[in-house]
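4 protein chains.
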Amino acid sequence: MTYQEVLENAKKNIAPKCKVCPDCNGVACAGMIPGPGGTGSGRSFQIAREFLKSVKVEMDAVHEAYDPDLSVELFGNTYKYPFFAAPIGGMPFNYNDYMSDYSYTEAIVKGSIDAGHIGFTGDSANDRFFLDTMEIAKATGALQVPTIKPWRNDIVMHKMDLAVEAGVPAIAMDVDAAALINVKLMGGTVDPKPQKDIAELVRHTDKPFIVKGIMTAKSAIRCMDAGCYGVVVSNHGGRIIDDTPAPASLLPEIREAVGPDFKLFVDGGIRSGADVFKCLALGADAVLIGRPYCIAAYGGGAEGVKLYTEKIATELSVIMMMTDCRTLADIDMSKIRFL
Amino acid sequence: MTYQEVLENAKKNIAPKCKVCPDCNGVACAGMIPGPGGTGSGRSFQIAREFLKSVKVEMDAVHEAYDPDLSVELFGNTYKYPFFAAPIGGMPFNYNDYMSDYSYTEAIVKGSIDAGHIGFTGDSANDRFFLDTMEIAKATGALQVPTIKPWRNDIVMHKMDLAVEAGVPAIAMDVDAAALINVKLMGGTVDPKPQKDIAELVRHTDKPFIVKGIMTAKSAIRCMDAGCYGVVVSNHGGRIIDDTPAPASLLPEIREAVGPDFKLFVDGGIRSGADVFKCLALGADAVLIGRPYCIAAYGGGAEGVKLYTEKIATELSVIMMMTDCRTLADIDMSKIRFL
Amino acid sequence: MTYQEVLENAKKNIAPKCKVCPDCNGVACAGMIPGPGGTGSGRSFQIAREFLKSVKVEMDAVHEAYDPDLSVELFGNTYKYPFFAAPIGGMPFNYNDYMSDYSYTEAIVKGSIDAGHIGFTGDSANDRFFLDTMEIAKATGALQVPTIKPWRNDIVMHKMDLAVEAGVPAIAMDVDAAALINVKLMGGTVDPKPQKDIAELVRHTDKPFIVKGIMTAKSAIRCMDAGCYGVVVSNHGGRIIDDTPAPASLLPEIREAVGPDFKLFVDGGIRSGADVFKCLALGADAVLIGRPYCIAAYGGGAEGVKLYTEKIATELSVIMMMTDCRTLADIDMSKIRFL
Amino acid sequence: MTYQEVLENAKKNIAPKCKVCPDCNGVACAGMIPGPGGTGSGRSFQIAREFLKSVKVEMDAVHEAYDPDLSVELFGNTYKYPFFAAPIGGMPFNYNDYMSDYSYTEAIVKGSIDAGHIGFTGDSANDRFFLDTMEIAKATGALQVPTIKPWRNDIVMHKMDLAVEAGVPAIAMDVDAAALINVKLMGGTVDPKPQKDIAELVRHTDKPFIVKGIMTAKSAIRCMDAGCYGVVVSNHGGRIIDDTPAPASLLPEIREAVGPDFKLFVDGGIRSGADVFKCLALGADAVLIGRPYCIAAYGGGAEGVKLYTEKIATELSVIMMMTDCRTLADIDMSKIRFL
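So the protein sequences, as listed, match chains G, B, U and R.
Position one of the first sequence corresponds to residue 82 (our numbering), numbered consecutively onward.
Position one of the second sequence corresponds to residue 82 (our numbering), numbered consecutively onward.
Position one of the third sequence corresponds to residue 82 (our numbering), numbered consecutively onward.
Position one of the fourth sequence corresponds to residue 82 (our numbering), numbered consecutively onward.
Okay, chain G solo, but in the shape it has when bound (with noise of 0.2 Å):
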């Protein structure tokens, strides 16, 4: 299969609320919610994808030739690539029956470990679901990073046991779930949590503690101050509320007031190598990458994701040599502009 193929069958299966579009940017599913749109008029899912697509990279091939080294260290581990499928849950309800949450959830695992790295999974208002997906992990050496949804303290600790269980090796939380808008149709209680509520999370757990769906510097430091091994700058797809900044724009501003260890990832509106180097550029250490992963897995499963991985890792390959960068230390603000 090539990924020429995957994007065809896509097409097919994962019609009709999603078109696969050229450009994946918001503006064919704006406000579909059921759905994979953003919400209301859709400009938060598309304002992502404008600002990275503003972002210019500085081309220098006057230097040595080299193969670029991909890999980042995370969780105490070393990982092929700084870019990771992103939390997804929901399928039949978003896309279609093609994909349960389940048989998506073991395409993106399976997919990634094929490509030699990791994936994130998700969680849903239905319990079933983190259980199987432990399951999945179990049963494939825990390469995976659980991500669940802002429940009562209680419930999500209960559900990070099972991830411990399970041996995962880091364990998010997605904080802008609280305003989701499916959580709420399916029976489920979701809620901001203030920094106590984080820090005994933190302290509930060995595991580095992500906390995804942040916005502002000023959360970001509570997180940091509650103990997080790093923080998801996300808008949630663009899922939550209508008009809110490019996560990506964020960036520079975060890193500023975090300090160069703590560690920050993001995701929204990432398409291609050269938004993953942009978003390095811009400040992260790695980012996270959604709907095209549903492309890859609709129209592939394992194997399109498998691809679409290696699609990114040669496309950012490609732009780190011709941006001189050996390592992904190389990668700063001096390898972009905004013109």
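Keep in mind the hints are simulated off the structure, nothing from the lab.
Take these hints with a grain of salt, some might be off.
Identical copies look the same in the list; a pair holds intra-copy or inter-copy alike.
[Stated by the list, open to error] In the DSSO-like style, the derived pairs of lysine-lysine whose C-alpha atoms are separated by at most 30 Å in a straight line are: (1) K288 to K299; (2) K134 to K100; (3) K299 to K98; (4) K219 to K191.
None of the values given here were measured: they were computed from a predicted structure.
Got chain G sorted already, so can you dock chains B, U and R onto it with the hints?
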């Protein structure tokens, strides 16, 4: 009835001049006066919308969970929400005969009351309209703010007397109607008002007096110096002159000019709870919403007005929760960005 | 006849090169020369329009009521309005045979006079045209400003003599026509003019002499130093070279360079009373309007010209009233903003 | 043949990958590689065009009349015009079989010579192409600048020897081809070049040596320090990596870094005499034009190349006359603005 059904009905009842566009932004109706459009090129309407869309909201879910308090203190009373239906008349003229000025005003007043709230009501060259409106006020507990056109001062004072007699909590005058072509087509004589004429109107009543149609800090100060309770920053929905700035964009400089206590209302392109939030962050104490209430009334009468009111309230509540604003006082410039 | 009827007629009479677009903005006719378009990509025309649209007007209705005074002092006379029909020729070439240069010029002159006003008239490679124009001048009280192309100085002076003999109040020369392809196609020889040649022309007559086609402060000063009465800031409707700035955008820097007394006219994309107002606020003493007068003449002859003149005057009057400008002297930079 | 006929023929001969768009701007062919498009989203191509369009020209017709001198000193010779056909190969691959690399190169060289000028020629993974090109050089007076791909230095030096033997005035190497997918698809091995490798190539010949594909001031200085005669500021027509800046937009900072004497060429989106003018004003000594020469060659062979060359020369002459530039030395930053 659901709000979605209100929109479906409205498409039939309000055609052909209003298309009930997904985003009510002044594009489809550009230049349509009579009709709901902005004057000339329609840009004064469109720009109001474009500006509000461009303001970004600072999402933040790292905090305690709570139900935000949306109430606002005005005219010595506490109102449930910081947004109100704007004063509108000339329905058959600008839309069609499906609603008269009377039935529209009744729907606004009753629907607002059913939502536990109040609305603003209008005035026209036909004196019967204002008399009818005051009859509605008397029959419904005077839960409205009548808005008088800038006639000769003695005529304005006569209408003010009728409003006081009806027991309304405040009285407004839309001075920008001085150039409104519709009023002149119907034989009325309206004019700009100097500070001394406004001061005379203020002295004429114990009710809070509000001037609507202020677009400069200079004029806001004149109204403050004349003893007004507040002003509505407004370009009359873009219907007076072409190429005026977005009213909401003027809030910061006008707020700086008048200080923290003088009341600022604003209208123009406010379509969602997020837009209400942005206007409050920019310096408004409360906002007026125009055309969407016309659509709500044409599509569902008083029930449509109630449903739209509650929809905006829900949206505002979510956005306050997701930006860590317990009360309206927490909504300030730190909660938005212009990027 | 109404102005709306003039437009309806014009659509038939001026087709196919001009579409009588709702906003005459250089998009539909881009690159059409011969034809009414801007040269090359058409951007020099379009940008003029875009810039004027981008300027915002400061609405203000808190002041005394009055009827604004639109009159302007020029050439020692008082004219009713600060806008004039621009000098235009080559009608069969650029539009069609419905009008000859003669019939067009007659419509402009007579229509302007019927509105109590005057207009500018043109010149071409066919010497008959200028002679005819001066005959019209003699027959109608010399209420026009003839505009001569930059021929050899002796030829210009000969045409100036004809104009003086006809009794015109002032004489202009459009120096930017030096690169006008139409003139060369018709066999004429036109060239740029150095300051000394312009000074020679100024010395040749007691009439105020105006150079049209100035786009830099440097050239405006050269004309002032040569003894000119004023200049027209103009890129010849965007018909000379591609990608020039909007003439009106240059007014502030040119006004600053020449001081308050040297007369500045401007043209390019002026379509409404609001546009006239903006140009005056930016530093012009008066403006010229081109293509809309062609449409008015093709659609209604002298009556169309009169109706369009009165339409612009009404619009300018309303905008002066709604910005608190009693006279043209009140129209300054404080009445606009760039946002 | 007229240039208009060249375009008409080209539409037939170059279909379907190139549409011969009215403005050759990278929109219709976005992402088409093989094909004439920019890589990925095509933005690197499009942005080059958008930037040049955004630069404004300072029109000025108040000066002496003269015929501008368009000649430029390069490589110790005087050339008629400061623009050249860019080095291009892979015609059957990127367009179609109507032209071979040989027939295209012959058309460029002969057409340039017929216009009294010279052009740049290309190189490919097929060694036969470069040999053929040098045969053309020998047969036509060596009026071309061959451009070698960044092969291993010994291979580059071998091709340089062939070029010196043919008698060319200068030699170029397009280092940005290091990431060109087409070369790799054809089995070649190309790489970035460090300063020391470039210095080795410079030492290998007495001919002026130019590195093409420089997009940072840092790399330009490396080339200068390596002894190069100059560099071509270029992103290879946007075909290497996505989202690079417009090459012409980098000219001011690169010129400031290298000082006034080091030669700067530029390409990317140059389509008219006005664009040549803008690039010279921004700091270039001369420019290269790519895709339009392909269209000219497909539409008219050597005659098409000659006609396009003369068209650009005429446009440049007019714009120099209308901006008061007698020679190229008069074209500086004071003749443009960014508004």
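Please sort K288 with K299 into within, between, both or neither, judging by C-alpha distance up to 30 Å.
For K288 and K299, the Cα distance is within 30 Å only inside one copy (24 Å; across copies 44 Å).
Are the CA atoms of K219 and K191 at most 30 Å apart within a copy, between copies, both, or neither?
So K219 and K191 pass the 30 Å test inside one copy only (12 Å; across, 61 Å).
At 30 Å max between alpha carbons, let me know whether K299 reaches K98 within a copy, between copies, both or neither.
neither (36 Å within a copy, 47 Å between copies)
Homomeric proximity label, K134 with K100: Cα distance no greater than 30 Å:
Cα proximity of K134 and K100: in one copy and across copies (20 Å, 25 Å).
In terms of the numbered hints stated before, the structure departs from hint 3 and from no other.
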